[in-house]
Structure formats: structure tokens, C-alpha cells
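S.K.: Listed below are the residues making up each chain.
Number of protein chains: 4
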Amino acid sequence: MSKDALHEVRDSLRRFAEERDWGQFHTPKNLAMALAGEAGEVIEHFQWLSAEQSAALDDRTREEVALELADVMLYLVRLADVLEVDLADAARRKLAINAERYPADKARGRSDKYHRL
Amino acid sequence: MSKDALHEVRDSLRRFAEERDWGQFHTPKNLAMALAGEAGEVIEHFQWLSAEQSAALDDRTREEVALELADVMLYLVRLADVLEVDLADAARRKLAINAERYPADKARGRSDKYHRL
Amino acid sequence: MSKDALHEVRDSLRRFAEERDWGQFHTPKNLAMALAGEAGEVIEHFQWLSAEQSAALDDRTREEVALELADVMLYLVRLADVLEVDLADAARRKLAINAERYPADKARGRSDKYHRL
Amino acid sequence: MSKDALHEVRDSLRRFAEERDWGQFHTPKNLAMALAGEAGEVIEHFQWLSAEQSAALDDRTREEVALELADVMLYLVRLADVLEVDLADAARRKLAINAERYPADKARGRSDKYHRL
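Protein chains in written order, with this note's numbering: chain A, 44 to 160; chain R, 44 to 160; chain D, 44 to 160; chain Z, 44 to 160.
For the record, the hints were derived by calculation from the structure and aren't laboratory data.
Warning: the hint list may mix true and false statements.
Each pair may be met inside one copy or between any two copies, as identical chains are not told apart.
[Unchecked claim] Derived lysine to any residue pairs resembling SDA-like cross-links, with alpha carbons at most 20 Å apart:
1) K46 x A147
2) K149 x A139
3) K46 x R57
4) K149 x R58
5) K149 x E95
6) K46 x R153
7) K46 x A98
8) K149 x E62
9) K46 x E107
10) K46 x D129
11) K137 x F59
12) K137 x L110
13) K149 x F59
14) K149 x R57
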């Protein structure tokens with residue numbers, strides 16, 4: 044692949060917004076709302092499922108969820124773009140922060156380490 | 044770059060979870076919740092800002108938001124991975140669906156096209 | 044009790060906003076964001092818990108969650124107020140809609156009735 | 044009114060869940076997800092609106108939003124009930140905390156007081 048997928052999606056979204064004159068609606072505030080709205084739709088697919096059921100979706104539901112995840116990604120990439128945030132770089136930096144915050148030997152098998160450290 | 048950023052992050056998260064034995068917590072249900080929780084944190088940065096203020100963040104806030112966007116991305120990539128969803132492929136497919144749903148000539152400058160068509 | 048709790052909270056919030064000149068920030072758009080942000084905080088308390096653990100919170104966590112639920116309620120009541128929506132009336136009407144949508148005999152023990160009917 | 048609206052809704056929801064044998068799905072974890080999902084639906088109504096537009100909804104949209112707020116309230120009341128949290132009491136306690144945290148004279152007209160104090 045010649046182009047990174049994140050960059051490809053970012054460029055597609057730029058064109059998409061330009062062709063529709065939607066830049067005026069794509070303020071960070073509005074895009075943050077759209078991102079949260081789509082995350083809410085992801086959650087609705089899982090809310091009545093047990094942990095086990097959530098890991099064994101039927102094909103139809105799995106495809107619906109895939110497109111909801113795509114929606115989250117589209118707004119995430121677009122929001123990062125209008126904020127001039129390099130998403131891949133931010134993700135790498137956050138991974139490094141998390142690695143320091145949750146040392147493997149101390150965090151092993153403990154989910155409370157996520158939010159109580 | 045030799046490796047796509049999404050794949051790189053996915054692989055880092057796999058290693059991260061493995062080293063901490065966190066796979067047991069990473070059910071799709073739990074990860075969907077974490078994704079929504081992080082989207083909620085993004086929103087909290089913007090809730091009292093005007094549209095204009097949201098587009099002119101000071102450096103400190105912009106960096107905080109960048110790391111929140113990174114959190115959303117990390118959970119999004121991880122959730123897609125445990126569901127065996129190809130995120131880049133899903134995003135491309137959703138872009139194609141949106142292009143058909145919102146034809147440029149009809150959707151121009153109309154935000155209602157997003158949710159009322 | 045001489046006054047309905049919802050009305051009491053609504054009136055307290057009106058006074059609170061007035062005394063701080065916060066009416067200018069309390070647009071429906073901003074309050075909807077605040078509501079979603081607080082719902083995100085509720086979720087963060089439960090994301091790594093099993094169903095069983097979520098039903099057996101220790102006292103400290105339960106009190107933290109109680110105050111998060113309070114935050115959701117405060118923004119919900121305030122948002123309804125600025126929209127001039129009667130929350131108790133809307134809840135009663137929605138309950139009646141749900142009763143018709145999910146007849147007890149057909150919906151018994153089926154969670155899919157929630158979103159697939 | 045002889046009965047507080049919050050108690051009335053709580054009791055209706057108890058009956059509703061009992062008649063449908065839905066108690067098994069109403070774990071705090073699941074209800075927290077449903078609450079966040081509904082808050083996401085509220086947000087979707089406002090995401091492309093300006094602050095001004097959000098304060099001047101047409102009748103159709105306002106009624107749609109009223110029923111979304113009702114959904115948030117139903118899950119909020121139900122979640123509080125299964126956690127044995129007194130919602131009205133928690134709201135009052137949170138209001139008292141906020142009054143101390145944001146003294147009227149210092150917080151006047153400053154939205155940053157919400158999250159930066």
C-alpha cells in the first residue's frame with residue numbers, strides 16, 4: 044500500500060466536506076458531538092448482551108457494528124484533522140504514557156489499574 | 044513508513060494486553076464502554092466553548108484533547124481487533140455509502156442531510 | 044413533601060445559574076454535551092466490571108456513582124427546563140409508548156425486544 | 044400530586060421490568076450502557092445546530108428531543124433504583140457540593156470554573 048490508511052481516510056473526508064461545503068459545520072465542537080453520538084450507537088449494540096454474547100456476534104450484527112466503528116473512525120479522523128492533531132503520533136505517545144503508567148509486572152490481571160492508579 | 048499506522052497501533056495494543064494479561068477484560072462489551080467513556084471525555088473539553096473557541100484551542104488544551112483523541116483511537120482499534128473487523132476497510136465502505144447517501148449536488152451546505160435523508 | 048423533587052431540583056438549578064450568570068452557557072446544545080459527558084463518567088465506573096461486580100459495588104464506589112448519577116440528573120433537569128419540556132410528563136408518555144411497543148406477553152425474558160421490534 | 048414523580052416513575056419501571064422478566068438484563072453495567080446510549084441520541088439532535096438553533100427547535104424536533112430526554116430519565120431512575128441510590132437525595136447533595144465549589148461571586152460569568160477549579 045502506497046499510502047497510510049489514516050491519511051487516505053483523512054484526505055477522502057477533506058474532499059467529501061469540500062464537495063458538499065460542509066466545512067462550516069465541521070467545527071471541533073460539532074465533530075466532538077458527532078463522535079460521541081456514534082460511540083453511543085456502538086454501545087447500543089452491546090448493552091443487553093452478556094460478555095460472552097458480545098464476543099460471538101452473528102454476521103448481521105457484526106457487520107452493523109463494523110459500520111458503526113467506521114462512523115466513529117470517520118469523525119475521529121476528521122476531528123483530529125480540523126484540530127491539526129496527528130492521530131498516529133498522538134496514539135504512539137499515549138501508548139508510551141500507558142506503558143509507564145501500568146508497568147506489566149504490577150498491572151498483570153488487574154483491571155483496577157486502569158482507573159485507580 | 045514500512046507499516047500502516049493502524050496496524051502498528053493494533054499490534055502494539057495486542058502486545059500491551061498480552062503482557063498484562065488484560066485479554067480477559069477486553070470483551071467487545073467492555074471495550075465499547077471504554078470507547079464511549081473516552082468519547083465522553085473528548086466532549087467535556089468542548090461543552091462550554093463556542094464554535095469559534097473550539098476552533099482556537101490554546102496549546103495546553105489542544106494537547107490534552109490530542110491525548111483524549113488518542114484514547115478513543117486506542118479503544119477503537121482494539122475493539123475492531125477483538126471483533127476481527129478491518130477498520131480501514133470498514134471506513135472505506137462507509138465512505139462509499141455516505142457518498143451515495145449524500146450526493147454532493149443535493150447535500151451542498153445542508154447539515155440536515157446528515158440525519159434527515 | 045410539599046414539592047415534587049424534580050421541581051425542587053429544577054428551581055435550585057435556575058437559581059444556581061442566575062446567581063452565577065451562567066444562563067449564557069446553558070444553551071440546549073451545551074447542556075446536551077454536558078449530559079453526555081456525565082453519562083460517560085457513569086460508564087467509566089462500570090466498564091471493567093463483570094455484571095455481578097456491577098451489582099455489588101463497595102461503598103466508596105457506590106457513593107461515587109451516586110454523585111455521577113446526580114450529575115446526569117442535574118443536567119437532564121436543566122436541559123429539559125431550558126427546552127421547556129415537562130420531564131415527568133415526557134417520562135409518563137414514553138412509558139406508555141414502551142408498554143405498547145413491548146407487550147408483556149411477547150417481550151417476556153427477551154432483551155432483543157428492546158431494539159429489534 | 045400525591046406521589047413524587049421520581050417515585051412514581053421508579054415504581055412504574057419496577058412493574059414494567061417485572062411483568063417482562065427483564066430484571067435479569069437490568070444489571071447496573073447494562074443500564075449504565077443504556078443510559079449512555081440514550082444520552083448519545085440526545086446529542087445527535089443537536090450536533091449540527093448552532094447554539095441559537097438549539098434554543099429554537101421546531102415543534103417536531105422538540106417533541107423528539109422530549110422523548111429522548113424521557114429515555115435518559117427512565118434509565119437513570121432505573122439504574123439508581125437497582126443500585127439502591129436515592130436520586131433526589133444525591134442530586135441535593137451534589138447541588139450543595141457545587142455551591143461550595145463554585146462560589147457565586149467568583150464563578151460569575153466564567154464557564155471555565157466548571158472544570159478548571
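S.K.: Take the hints in turn and mark each one as holding or not.
M.R.: Comparing the hints with the structure gives:
1. K46 x A147: neither (34 Å within a copy, 25 Å between copies)
2. K149 x A139: within (16 Å within a copy, 39 Å between copies)
3. K46 x R57: within (16 Å within a copy, 23 Å between copies)
4. K149 x R58: between (46 Å within a copy, 16 Å between copies)
5. K149 x E95: Answer is neither; intra-copy 27 Å and inter-copy 25 Å both fail.
6. K46 x R153: Neither: 38 Å inside a copy, 31 Å across copies.
7. K46 x A98: neither (32 Å within a copy, 28 Å between copies)
8. K149 x E62: between (51 Å within a copy, 11 Å between copies)
9. K46 x E107: neither (27 Å within a copy, 28 Å between copies)
10. K46 x D129: For K46 and D129, both the intra-copy (15 Å) and inter-copy (16 Å) Cα distances are at most 20 Å.
11. K137 x F59: Answer is between: at 12 Å across copies they meet the 20 Å cutoff, but 29 Å inside does not.
12. K137 x L110: Between copies only: 6 Å across chains, 26 Å inside a chain, cut-off 20 Å.
13. K149 x F59: between (46 Å within a copy, 13 Å between copies)
14. K149 x R57: So K149 and R57 pass the 20 Å test across copies only (18 Å; inside, 43 Å).
In summary, the structure is inconsistent with hints 1, 5, 6, 7 and 9 from the numbered list given earlier, while agreeing with the others.
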